[in-house]
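Going down the list, the sequences are from chains A and B.
Each residue of the first sequence is one higher than the one before, counting from 3 in my numbering.
Each residue of the second sequence is one higher than the one before, counting from 30 in my numbering.
It should be emphasised that the hints constitute simulated quantities derived from the structure, not laboratory data.
Careful: at least some of the hints might be erroneous.
[Stated by the list, open to error] Here are the computed lysine-lysine pairs in the DSS-like style, where the Cα-Cα straight-line distance is at most 27 Å:
{"#": "1", "chain 1": "B", "residue 1": "K332", "chain 2": "A", "residue 2": "K58"}
{"#": "2", "chain 1": "B", "residue 1": "K350", "chain 2": "A", "residue 2": "K58"}
{"#": "3", "chain 1": "B", "residue 1": "K355", "chain 2": "B", "residue 2": "K332"}
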Amino acid sequence: MSSPETSPYKDSEASPHGETRATEWPLWEIFIRGQHGLSHRHVGSLHAPDAEMAIKNARDVYTRRNEGVSIWAVEASDIAASSPEEKGALYEPANDKVYRHPTFFDIPDEVGAM
Amino acid sequence: MYAQMIKSTGQGVKSLDEMEPDERAFQERINAGGKIEPKDWMPEGYRKNLIRQIGQHAHSEIVGQLPEGNWITRAPTLERKAILLAKVQDEAGHGLYLYCAAETLGVTRDDLTRDLLSGKMKYSSIFNYPTLTWADMGAVGWLVDGAAIMNQVPLQRTSYGPYARAMVRICKEESFHQRQGFDIMMKMANGTEAQRKMAQDALNRFWGPALMMFGPSDADSVHSAQSMAWKIKMNSNDELRQKFVDQTAPQAEYLGLTIPDKTCKLNAETGHYDFAQPDWDEFFDVLRGNGPCNTERLEARNKAWDDGRWVREGLLAHAAKKRSAKLAAE
Numbered sequence: 003m004s005s006p007e008t009s010p011y012k013d014s015e016a017s018p019h020g021e022t023r024a025t026e027w028p029l030w031e032i033f034i035r036g037q038h039g040l041s042h043r044h045v046g047s048l049h050a051p052d053a054e055m056a057i058k059n060a061r062d063v064y065t066r067r068n069e070g071v072s073i074w075a076v077e078a079s080d081i082a083a084s085s086p087e088e089k090g091a092l093y094e095p096a097n098d099k100v101y102r103h104p105t106f107f108d109i110p111d112e113v114g115a116m
Numbered sequence: 030m031y032a033q034m035i036k037s038t039g040q041g042v043k044s045l046d047e048m049e050p051d052e053r054a055f056q057e058r059i060n061a062g063g064k065i066e067p068k069d070w071m072p073e074g075y076r077k078n079l080i081r082q083i084g085q086h087a088h089s090e091i092v093g094q095l096p097e098g099n100w101i102t103r104a105p106t107l108e109r110k111a112i113l114l115a116k117v118q119d120e121a122g123h124g125l126y127l128y129c130a131a132e133t134l135g136v137t138r139d140d141l142t143r144d145l146l147s148g149k150m151k152y153s154s155i156f157n158y159p160t161l162t163w164a165d166m167g168a169v170g171w172l173v174d175g176a177a178i179m180n181q182v183p184l185q186r187t188s189y190g191p192y193a194r195a196m197v198r199i200c201k202e203e204s205f206h207q208r209q210g211f212d213i214m215m216k217m218a219n220g221t222e223a224q225r226k227m228a229q230d231a232l233n234r235f236w237g238p239a240l241m242m243f244g245p246s247d248a249d250s251v252h253s254a255q256s257m258a259w260k261i262k263m264n265s266n267d268e269l270r271q272k273f274v275d276q277t278a279p280q281a282e283y284l285g286l287t288i289p290d291k292t293c294k295l296n297a298e299t300g301h302y303d304f305a306q307p308d309w310d311e312f313f314d315v316l317r318g319n320g321p322c323n324t325e326r327l328e329a330r331n332k333a334w335d336d337g338r339w340v341r342e343g344l345l346a347h348a349a350k351k352r353s354a355k356l357a358a359e
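Based on the sequences and whatever the hints tell you, model everything.
This is the structure:
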């Protein structure tokens, strides 16, 4: 019985948590568009050696029950994301702009639907 | 359960007043029903506890393919074979959803695999029992997946976003698993005398181990108390076990099969079924590696990892070659 720890391959020995080892396939984030014309939606991730295999694997992992009609695979390291610390700076300005919501304006009933 | 005996910090639950501001804001968010997402601040104990729990759950899904995979080539009809194949493929999918949730906590897939293969990380005790007859495919779907559902449905509301989302996907597929198992049991229980005996024998062998899946009583466990405060464990082990027995006992009656526990009957006062505790010495022995199939299961996973190495490395080399050819052409 062997394990990756005793691998004869030079790149497979354990590395500190959080780093991808040289032998580990890259991580891809998978986005699927459902049947009814909605946008692609993030469904999860998987490992694959390249984009073509990422899409093939995504088919098996995420669409076994007709969940989608289109798959996007994006290498996780290519995604730029906002960080939680920026939350205030990014979203708080929206809080004092309540006039952006239609309910801010009172339209008299006699005007009808608007 | 698919994750058993998960250790938490072991230090007991702190009150809000004892917490540092970061931790307090974190706990208040959980108390208010908010979700924690991968890049959010979280206590180190929460992160480690979740890696252990999600990792063990993922390993259970992967190792759980082995007892059922055992019967794919011997399924009694082509239809049963196709169904079992689809079910086992789902288990692989469930493992993958969970591994990817664990990876958002900063552990790599290879780290998790390594810890499974070396025996450092565990998987559910239930998969260390053999599947001796076709009726076991029925008992596994009905009882094992049935017990898993008890735990997984509430976990859809767990505090860690990626884990909760993985659970939603899993629960959608899990009821197919339980129903296909019950369908096999119905066929066997209503079949010939030999088939009925086989179904009863499968129930006899899987009843105790299914009850053990929930883990021993954790009413006094500091680990469980912390996990419940963090909402990564939603119900106590006893609570889920009782729910499982209450649901399963009438189903056994419907099948005309007898639960191998003379004390198992409806208690008119409590409205719940009384039942005997399973053999906890056996449970701890299986966890220590002494179950009927522990060695076989780990050997199978190690063999799959070793035999697959050339594929993993070959595809990686092929991808690198294609990438450099593309760069050269640009």
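Hints, verified against the model:
Only pairs whose Cα atoms come within 27 Å are accepted, and B/K332 paired with A/K58 is accepted, the gap being roughly 24 Å. A hinted pair counts as satisfied when its Cα atoms are at most 27 Å apart, and B/K350 with A/K58 qualifies at roughly 19 Å. Distance hint between B/K355 and B/K332 is unfulfilled; the C-alpha atoms sit about 35 Å from each other, more than 27 Å.
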